[in-house]
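What the sequence shown shows, in mature numbering (1 follows the signal peptide of the UniProt record, and there is no 0), is residues -26 to -1, 1 to 323, in sequence order.
Honestly, the hints are just simulated from the structure, not real lab data.
Take the hints with a grain of salt, since some may be wrong.
The list that follows gives simulated cross-link-like pairs (lysine to aspartate or glutamate, EDC-like), each with its CA atoms no further than 16 Å apart [what the hints assert, rightly or not]:
| hint | residue 1 | residue 2 |
| --- | --- | --- |
| 1 | K34 | E212 |
| 2 | K53 | D41 |
| 3 | K76 | E160 |
| 4 | K223 | D64 |
| 5 | K34 | D216 |
| 6 | K52 | E11 |
| 7 | K127 | D99 |
| 8 | K126 | D99 |
| 9 | K100 | E18 |
Distance ranges between label pairs, derived from CB positions [claimed, not checked]:
| hint | residue 1 | residue 2 | range |
| --- | --- | --- | --- |
| 10 | A197 | D106 | 35 to 43 Å |
| 11 | G40 | E212 | 18 to 26 Å |
| 12 | D64 | K119 | 34 to 42 Å |
Virtual Cβ for every residue (Gly too), placed ideally from N, Cα, C.
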Amino acid sequence: MNWRKTRAVAVALMLAVGSWSGGAMAADPAPTANSVEVQLRAFEQGLHKQTGDVVIAPAKATLHLGDRYYFLPADDAKKVLTQVWGNPADAVSDVLGLVLPKGTTASDNVWGAVVTYDDTGYVSDKDAAEQDYDKVLSDMRDAAKERNEERKKQGFSAVQIVGWAQPPSYDAQDHSLVWARQLKFEGSKGPDSLNYDVRLLGRRGVLSLNMVSDMAHLSEVRAAAAEFGRAASFDRGETYADYDASTDKTAEYGLAGLVAAGVGVAAAKKLGLLAIILGFGKKFIVLIVAAGMAVMRWGRKLFGGKEAEQGREAEAAPADTVLHAEHPTAASPKAPAAPKPAEDQPPAA
């Protein structure tokens, strides 16, 4: 069985697990290949995909996506993030939408861009050329190390910030800040995780597109991130140039603080992108284990014994991203409690 079919079955099992109540296993029959396909098709058909110009009302902005990408509005985006990608519901409460490449589905894409907006106020770029991003990287590494013990206690693997996959780069014309981090999670055997951030500065806040994938797809995600840096426009009167220092709110940090906030590790007040990054459901086999051994028995029946199990391991290897270990390996149908945010991080962007 090929990886795409393996993954499709796993996604369907995740959808089934998401419908359980009180942790009890429903007395439904084991899913068949046909029922898996039907379930996935029904899920996709229920999504409201948008192309072209998409209005992001809370940000008073518009995303110009053309026909190469499509946008899922907030409700659909949250369904994908929770039911397909395995994120806890409280981690996606602020999500405004999700951008995916044209021709892909929620279950077979190699990356997705989570859209959020933070009304932190005007972020000054006057010191753009003087930002010390090497120090920011060092601080982020230290913060990750400090939290690793707590993460392990809560059933999450330790995370290592390997370095910049793309150092922060600011475009003064578009007022966009783009950077990417390479992350490694303890116990991962697959490619390192890739976390690409695009921040678009406006008069009253920051529109964010946070792209999650793995290092194997760096070039593809980098190209999309470059496009997204030019893909948004704020409404008239809401642009970066419309800022009025005498009346408008100003953020308490500059570009370096924006990057530090975007690390996703214990961002203040909300987990937001942290949970989305760590919960990105590329390692569905582990998600099934976390859902319970009964689901694993379903999978074994579907794939047919030892031979299929060996094939599953071989086929799953390319998608064994560094995100997979973020789900506890103990057999429990309940989602793990989210890590508590730290108090010493700048506000999330």
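Status of each hint after checking the structure:
no., hint, result
1, K34 with E212, "7 Å, holds"
2, K53 with D41, "23 Å, violated"
3, K76 with E160, "33 Å, violated"
4, K223 with D64, "28 Å, violated"
5, K34 with D216, "13 Å, holds"
6, K52 with E11, "21 Å, violated"
7, K127 with D99, "39 Å, violated"
8, K126 with D99, "38 Å, violated"
9, K100 with E18, "45 Å, violated"
10, A197 with D106: 35 to 43 Å, "28 Å, violated"
11, G40 with E212: 18 to 26 Å, "22 Å, holds"
12, D64 with K119: 34 to 42 Å, "26 Å, violated"
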